[in-house]
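*Asks:* The residues making up each chain are set out below.
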Amino acid sequence: MPLAARELKITPIKNGTVIDHIANGLALEVLRIIGAQSLDKDSTVSVALHVRSAKHGWKDIVKVENMELSPRKVNAIALIAPTATISIIRDFKVREKRSVDLPERIVGIVRCPNANCISNQPEPIESEFEVTSRRPVVLTCVYCEREVDDFLHHLA
Amino acid sequence: MPLRGRDLISIRDLSREEIEEALAAAKKMVPYAEGAKVMHPLTDKIVAMAFFEPSTRTRLSFESAVQRLGGSCITIADASVTSMRKGESLHDTIRMLSSYADAIVIRHPNEGAARLAARASDRPVLNAGDGAGQHPTQTLLDLATMQEAFGTLSGLKVVLLGDLKFGRTVHSLAHALAVFGCEIVLTSPPELALPVPARRHLEGMGARVSEQADLRRAIHDADVLYVTRIQKERFGDEAEYRRVAGSYRIDPSVLEGAKPRLAVLHPLPRAGEIAPEVDRTPHAVYFRQSFLAVPVRMALLDMILGSGKRGG
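Going down the list, the sequences are from chains A and B.
Going by my numbering, the first residue of the first sequence is number 1, and it counts up by one from there.
Going by my numbering, the first residue of the second sequence is number 1, and it counts up by one from there.
It is possible that part of the hints are untrue.
No more than 20 Å apart at the CA atoms, straight line, and that leaves these computed lysine to aspartate or glutamate pairs for EDC-like [as the list claims (entries may be wrong)]:
hint	chain 1	residue 1	chain 2	residue 2
1	B	K165	B	E233
2	B	K165	A	D40
3	B	K27	B	E148
4	A	K93	A	E123
5	B	K259	B	E183
6	B	K86	A	D40
Computed beta-carbon distance windows for the label pairs [to be verified]:
hint	chain 1	residue 1	chain 2	residue 2	range
7	A	A156	B	K259	29 to 37 Å
8	B	T152	A	K55	36 to 44 Å
9	A	V107	B	H220	26 to 34 Å
10	B	Y100	A	A156	44 to 52 Å
Keep in mind the hints are simulated off the structure, nothing from the lab.
Built from N, CA and C at the ideal position, the CB exists for glycine as well.
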């Protein structure tokens with residue numbers, strides 16, 4: 001399919017953020033992270049699932065109008081969609097494009113699966129994990145030392 | 001890195017050299033723990049005992065260690081008498097306590113509570129057991145007992161028996177054994193087996209780990225048998241508990257095929273896992289182990305709060 005025709009499937013945005021190269025099937029998790037259901041009225045979110053990709057076979061794309069992502073949300077996307085790229089669009093032009101980078105610590109994004117962990121009690125703290133393996137990604141709770149590899153099931 | 005001023009939350013916080021240093025210091029503390037020699041490096045120091053769940057020997061051995069070193073204790077022995085009952089967070093309780101004491105020893109039912117306490121406190125925090133998590137001072141005294149019995153830790157074959165799933169002493173100990181290149185044999189009923197992440201962690205450290213459900217086979221060429229309590233509350237059915245607990249009971253006949261120098265350890269209290277007749281055999285080192293709690297905790301407190309250079 002020619003590029004122009006493919007692009008038409010997803011509305012171009014004037015200002016906002018395009019999250020591209022999300023592994024196929026994970027767009028809905030990305031929507032959850034950016035809080036798509038509670039955005040400002042001015043923000044339209046478009047999602048393309050199962051788009052052909054030269055690099056990854058199939059991919060998902062999410063476009064969010066009039067919003068740039070906080071560092072915390074970028075970290076969360078890096079965790080669940082490590083192949084993603086994030087482009088900042090201003091006036092229909094890509095002003096900045098970068099790959100996501102998994103940080104050393106994941107704070108407030110994943111809930112510890114250990115129900116008896118102190119981070120699941122009413123304490124004035126956020127969940128916090130150290131990234132102890134990158135391929136595959138394994139997180140270790142800094143409080144109870146529980147290792148987590150199925151963190152998609154434990155997003156806060 | 002010196003331990004002075006540091007927290008002791010997980011055995012993983014200590015390098016092999018630091019563990020060796022603590023064990024050497026503990027050995028020198030033995031006559032002071034027995035009262036045969038006296039020194040008071042903790043004079044004018046106050047150590048808070050924050051015990052949010054019941055404990056006898058851990059708390060008393062810590063209190064004994066502080067007082068043998070000339071320090072004094074303030075103690076929460078029962079969480080139901082604190083403001084936590086009024087809804088105060090652990091974080092705030094510890095923050096308050098850290099302004100009353102020079103160090104805090106904490107025991108808490110939730111895993112990770114000691115790490116939270118260390119972050120909330122600007123004084124050193126020592127973990128005396130958090131839920132099914134870490135119990136590093138117990139591990140150090142277990143190591144001290146093995147080292148005293150064999151003169152070394154390297155290359156020992158250690159059988160870990162009983163509740164390897166919830167038993168808080170076992171996870172810390174297994175890590176330390178892996179640090180010293182010990183061979184680890186896991187003997188437990190399937191429902192209380194070591195959790196997969198814990199086993200993966202040990203194997204990731206290069207440890208030799210195997211499972212042997214048959215107790216006699218497990219111990220026939222072992223150096224150490226580390227017995228833990230199988231708790232009734234882990235089983236829905238009392239008959240099932242009795243069957244499992246009975247199959248792992250240590251008595252002189254079980255030990256017949258073992259090496260003469262096999263050392264039997266138990267963090268105590270025991271609830272029938274070891275027959276009293278074993279007490280009279282040379283295998284029984286568990287009472288020595290509970291005594292060593294005092295010099296080990298004295299050594300750690302002295303290293304963290306005192307000069308860390310005395311003894312000997």
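*Asks:* Evaluate each hint against the coordinates.
*Replies:* Hints versus structure:
{"no.": "1", "hint": "B:K165 <-> B:E233", "in the structure": "13 Å, holds"}
{"no.": "2", "hint": "B:K165 <-> A:D40", "in the structure": "48 Å, violated"}
{"no.": "3", "hint": "B:K27 <-> B:E148", "in the structure": "8 Å, holds"}
{"no.": "4", "hint": "A:K93 <-> A:E123", "in the structure": "45 Å, violated"}
{"no.": "5", "hint": "B:K259 <-> B:E183", "in the structure": "16 Å, holds"}
{"no.": "6", "hint": "B:K86 <-> A:D40", "in the structure": "39 Å, violated"}
{"no.": "7", "hint": "A:A156 <-> B:K259: 29 to 37 Å", "in the structure": "51 Å, violated"}
{"no.": "8", "hint": "B:T152 <-> A:K55: 36 to 44 Å", "in the structure": "55 Å, violated"}
{"no.": "9", "hint": "A:V107 <-> B:H220: 26 to 34 Å", "in the structure": "49 Å, violated"}
{"no.": "10", "hint": "B:Y100 <-> A:A156: 44 to 52 Å", "in the structure": "34 Å, violated"}
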